[in-house]
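Engineer: Okay, here's what each chain looks like letter by letter:
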Amino acid sequence: MEIDVRQFKKQKGVYSVKGIMGVSLATENRLPGFSVYGERLIDFKGKEYREFSHKRSKIASSILMGLNIDALKPDSKVLYLGASTGTTVSHVSDIVHLGLIYAVEFAPRPMRDLLELASLRTNIVPIHADARHPELYSDVVDGVDFVYADVAQPNQSEIFMENVKAFLRPNGGAMISIKARSISQAKAPEQVFKEEEKYLEQKGLKDLKKVNISKYHKDHMSIYGTWFG
Amino acid sequence: MVLVSANPYGAFVLDIRGNLLFSISFDEPNYKSQLIDSLHPMSPEKVITDSQRIVDALADHFKVDLDLGNEILKSWRLSRLSHLKNEYHLQIDETDYKQKVRDYAIALSRISVRQHAEGRDTLIAQAIHAIDELQKSFTLLGGRLYEIYALHFPELTSRIQNPATLARIILKHSNRESFSAETLSTFGISAEYVQYIVQHKDESLGANFSVSDLAIIEALAKSVYDLYQNKMQLEKWIETVMNEVAPNLTAVAGANVGARLIAHVGNLKSLAFLSSGKVQTLGAEKALYKALRFKGKTPKHGIIFQIPEVGTMPFWLRGKMARAFASKIVIAARLDVYGGSYLGPEMREKLKEKANLLRKQFPNPPKEASKPNKQSSKKNRSKRRKK
Ligand SMILES: C[S@@+](CC[C@H](N)C(=O)[O-])C[C@H]1O[C@@H](n2cnc3c(N)ncnc32)[C@H](O)[C@@H]1O
Chain A
1 MEIDVRQFKK QKGVYSVKGI MGVSLATENR LPGFSVYGER LIDFKGKEYR
51 EFSHKRSKIA SSILMGLNID ALKPDSKVLY LGASTGTTVS HVSDIVHLGL
101 IYAVEFAPRP MRDLLELASL RTNIVPIHAD ARHPELYSDV VDGVDFVYAD
151 VAQPNQSEIF MENVKAFLRP NGGAMISIKA RSISQAKAPE QVFKEEEKYL
201 EQKGLKDLKK VNISKYHKDH MSIYGTWFG
Chain B
1 MVLVSANPYG AFVLDIRGNL LFSISFDEPN YKSQLIDSLH PMSPEKVITD
51 SQRIVDALAD HFKVDLDLGN EILKSWRLSR LSHLKNEYHL QIDETDYKQK
101 VRDYAIALSR ISVRQHAEGR DTLIAQAIHA IDELQKSFTL LGGRLYEIYA
151 LHFPELTSRI QNPATLARII LKHSNRESFS AETLSTFGIS AEYVQYIVQH
201 KDESLGANFS VSDLAIIEAL AKSVYDLYQN KMQLEKWIET VMNEVAPNLT
251 AVAGANVGAR LIAHVGNLKS LAFLSSGKVQ TLGAEKALYK ALRFKGKTPK
301 HGIIFQIPEV GTMPFWLRGK MARAFASKIV IAARLDVYGG SYLGPEMREK
351 LKEKANLLRK QFPNPPKEAS KPNKQSSKKN RSKRRKK
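Listed in order, the protein sequences are those of chains A and B.
The opening residue of the first sequence carries number 1 in this note's numbering; numbering runs sequentially from there.
The opening residue of the second sequence carries number 1 in this note's numbering; numbering runs sequentially from there.
Think of the hints as simulated: they come from the structure by calculation, not from any bench.
Among the clues, some could well be false.
As a list, the in silico DSS-like pairs of lysine-lysine whose alpha-carbon atoms are at most 25 Å apart [stated by the list, open to error]:
1) B:Lys278 to B:Lys350
2) B:Lys320 to B:Lys352
3) A:Lys165 to B:Lys74
4) A:Lys73 to A:Lys165
5) B:Lys100 to A:Lys73
6) A:Lys73 to B:Lys98
7) A:Lys73 to B:Lys74
8) B:Lys236 to A:Lys218
9) A:Lys12 to B:Lys98
10) B:Lys100 to B:Lys74
11) B:Lys74 to A:Lys206
12) A:Lys187 to A:Lys210
13) B:Lys74 to A:Lys203
14) A:Lys209 to A:Lys12
15) A:Lys179 to B:Lys236
16) B:Lys222 to B:Lys172
17) A:Lys203 to A:Lys187
18) A:Lys55 to A:Lys218
19) A:Lys165 to B:Lys46
Simulated coverage check for chain A against chain B, where a stretch passes if three residues somewhere in it have a Cβ under 8 Å from a Cβ of chain B [stated by the list, open to error]:
20) 110 to 120
21) 127 to 135
22) 138 to 150
23) 164 to 172
Cβ coordinates follow ideal geometry from the N, Cα and C atoms, glycine included.
Chain B extracted, bound-state conformation (with noise of 0.2 Å):
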């Protein structure tokens, strides 16, 4: 059995009465496999170690146990400056040392903190894709829990709106007799529906049902609200981690918006080297080429359109709201990608004034401006079909 020790200066082993046997510097670029050929003479039963980085090292070819509370390695950690000069002849003195530690730990988290943002964009992208398909499949499923709970309780499923509310009335209770002004209440169900559904359940249009038919709702009910929630909790998790990638981004497009851009590219980087043209018309592309097509007007938003301080605008001054915040947002993403600093709050708050200031600047149509609508596309399209 042998004990290995981890410093900034390197890996020291120690035999079980904590004499230092040999010890082997991180900066050596090899350092993994000269400490596990300096290990194999030894053949140790047992590696103990109080460091992950020396686990990660070893494990592959030892069996390693970590233990801080082992007495030889604690002692050697909370007096690690005098171990090394007393028993490694360490030469240095008290500011030297703690020159090497700082260097050492700004060093190791320089190199994690770029990892750490690095990948976790396309996690995004996944996410927002995995949301995508999770709100299709509760789309669908919620509209079959409509259909089939109706056959039983038609007057209560005309009565509510969201799928994802029914679910939960039926997990509650499924058969509609066992309904009660109470429980419906705690639903967010308004008084005026909630009096409405109590007063049909006995005399109900609906089937009577079974047990066991009512139970293969209740499965039913169940996967829909999962759906839900499994939805829910990916946009809550989304956000959180587009704050610790793309802050910037994040408050300069809201963390839904900028994740559906990441996802619409792949990746950050991808996205902060776009043209802010290019960025404007991200999610619009199928608009894109149509108006190429048919010589109709290019889009002028696309997935940017969902930004409030766009969408809201009247439709002669959403496209120099999308082009403005296009170009903040490859700024934004940019300096999330080096690292720069957090100028997001600003500019969110600056592109809010530019949107206030438009509106008071040009509060009617200009006059040459149409609203673009289907019957002009269609007009284009036939032109062209007769030629």
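Looking at chain A on its own, in the form it has when it is part of the complex (with noise of 0.2 Å):
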């Protein structure tokens, strides 16, 4: 069967790939022969394209179960909570080519291995940090278009919105991927859901779109916004 890669509907720089393995998600590769964490490279008309698995990322699941994410677009400066060892990272960092990618984390360990991917990708700014505490990095970020957070935590809207007020520009977009057990085990996770939903409209999160990724990732959701300062 012919390999096909195309743009998958609206999203920039996301592409759906029709091949051997059926369809899956990819960016183009902007650091060309090289897999970050052992994805599969794909070339295609002279380009390569690596593949953004919607089972590794939830940034991929959220895509691929329909969510139009306008604000990651290839300018875009985005700032990236819970960031990890970078494996979503690295396929942001592929989108916004021309833009930046902020990733903070603050387990010591990821961080070493987000410090090396940083230093052959360009536009990724690591920063060691505790996202609770925004203060620590106000000197690195300056105004971004799209804040992500998934940082499993208890608190994690309320770590997310703090960000988003102190660095998100008017205008711009705010995605969060919330896990239901990290924040209660007791309740379910369509309460949770329901709850951490009303508390980001209270906060000020416009025109909210939801997606469930449970399919893909155990009791999680991603919710997108729009930020109007």
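With the hints as a guide, dock the two chains, each given alone in a separate frame, to form the complex.
Structural biologist: Right, dumping it as structure tokens:
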């Protein structure tokens, strides 16, 4: 079967690859020849793509499940909270190849991998800090177009909104991947999602779009909204 | 009142309308004292900043407020490059700016990662000692709790193994008359025992205790249970921190054994610089000195004996396995000290394979080898005494 690569719906910089292994998402490899974490590399019409697996990345699964992340464009500046070793960050780095991604992570161990990644990819700004304290990196981060949070903490929505308030430009977009079980073991995921959504609304995030990604990430939901300042 | 904004180019001092007064580069080795000296003549009653870096530099000398919501600071933050160009007359473009931001962030992150890896390992060592002390106290006080409560309800204490369980039961209901099958079964006690205990609650051989007697016992039970919980918390904490500080060592030796090795020598770095032969006998020093003094067999393993793949090996292979683990432990510790790649899980896998292979290759003890036992060392000792 022939391989076919084309832009995935309206999401600039994200591609769907039809080929031997069915359909999957991909981003254009801005560092050709290098696979970051063992993901498949795909050649198509003189360009190289890296498989952007919806099983490994919550952003990929959110996009695959139909969410259009308007704020994620080739020249966007992104603040990414909970970067870990940079699996998803590397793909965001592909997508915003004309922009910048500030990647915040507080555990030293994954941070080492992230520093390694940042030494190869010139649009990644690694920040070793606790996302609960934006004042720790307000000297580095400036106005961004998109804030994303994947910190899997009980008060993740609060951490997320603090950062939105501090760094997101008016009309910017913000997205959080909520892990129900890290917020409450006792409540049903649907209940947790509803409460978090209400909190985000109260804090001023508008036009919320929700996408349940539990199919690929157990008890997870992504919520995307717009910030008018 | 003055405002201080921070960015990769330095500290920028603004008046309350946002006009730039002056700036000092963070590249200046003594930027802190320069900043303080320049602010002093203005004797500001308050400094407002949005950056922890500025708080750290000034808090000892001025009243500093941290305020991320301040509109002027926020405007500097959200469109920094245009402010730097317009007010600071910086002649750079977007690409230069990004480069500067990145270099600045990478330098700070490197320092920070290094700082966090150092020091926390000595905390681990302390935590291990604390765990051992908690365990000791737990055993002692737990034993006391058994003895006291046996005076009241011996048919219960004889059926409960773990002091923590006993403590929890007593905290739920201290007077034996209030025991019920329903509550007892929530403590993971077998149905047979539950029945036995409930049957005896009204015809126990134990003495009747007054309410104030029971209150004292409850207080003791609380102490026992707190010790237990404390210990569990510490163990969990060690697991997390070990994975951060020494992920390779943790993968190879496990969090507990890894932490004990670190605790034994004081810190991760010292462990990484030991020979593998030394690592093999860490924690078996007593046995080693005895062996040297009395010309007995030298011990083959110390702390690393607690690794399942070593401890469960038949005795004639244990030494081999301990040696294999010790050499990988040293490599793993060095990787962790120097921030190398994450090879721990792979190494552990290989060691497991080796264990299986050895078992297949040498299913029986070699003829000349004899299990080291107390008798032989006693013999040695008496021989020496006679001399
Ligand atoms: C679920 S993982 C992120 C995975 C990553 N987003 C990806 O898709 O590749 C969550 C990460 O958030 C980090 N984290 C949790 N709390 C944090 C905090 N307060 N500040 C910074 N990082 C945090 C954790 O150390 C962990 O690496």
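Engineer: Each hint should be assessed against the structure and marked as holding or not.
Structural biologist: Evaluated hints:
1. B:Lys278 to B:Lys350: Measuring from Cα to Cα gives roughly 22 Å; hence the hint holds.
2. B:Lys320 to B:Lys352: holds, 13 Å
3. A:Lys165 to B:Lys74: holds, 10 Å
4. A:Lys73 to A:Lys165: Cα-Cα ~21 Å, so holds.
5. B:Lys100 to A:Lys73: At roughly 23 Å apart (the allowed maximum being 25 Å), lysine 73 of chain A and lysine 100 of chain B satisfy the hint.
6. A:Lys73 to B:Lys98: holds, 17 Å
7. A:Lys73 to B:Lys74: holds, 24 Å
8. B:Lys236 to A:Lys218: holds, 24 Å
9. A:Lys12 to B:Lys98: holds, 22 Å
10. B:Lys100 to B:Lys74: holds, 20 Å
11. B:Lys74 to A:Lys206: OK: lysine 74 of chain B and lysine 206 of chain A at ~21 Å, within 25 Å.
12. A:Lys187 to A:Lys210: OK: lysine 187 of chain A and lysine 210 of chain A at ~19 Å, within 25 Å.
13. B:Lys74 to A:Lys203: Between lysine 74 of chain B and lysine 203 of chain A the Cα gap is close to 18 Å, so the pair holds against 25 Å.
14. A:Lys209 to A:Lys12: holds, 18 Å
15. A:Lys179 to B:Lys236: holds, 22 Å
16. B:Lys222 to B:Lys172: holds, 11 Å
17. A:Lys203 to A:Lys187: Given pair lysine 203 of chain A, lysine 187 of chain A holds - Cα atoms ~22 Å apart, limit 25 Å.
18. A:Lys55 to A:Lys218: holds, 11 Å
19. A:Lys165 to B:Lys46: At roughly 24 Å apart (the allowed maximum being 25 Å), lysine 46 of chain B and lysine 165 of chain A satisfy the hint.
20. 110 to 120: holds (count 6)
21. 127 to 135: holds (count 6)
22. 138 to 150: holds (count 6)
23. 164 to 172: holds (count 4)
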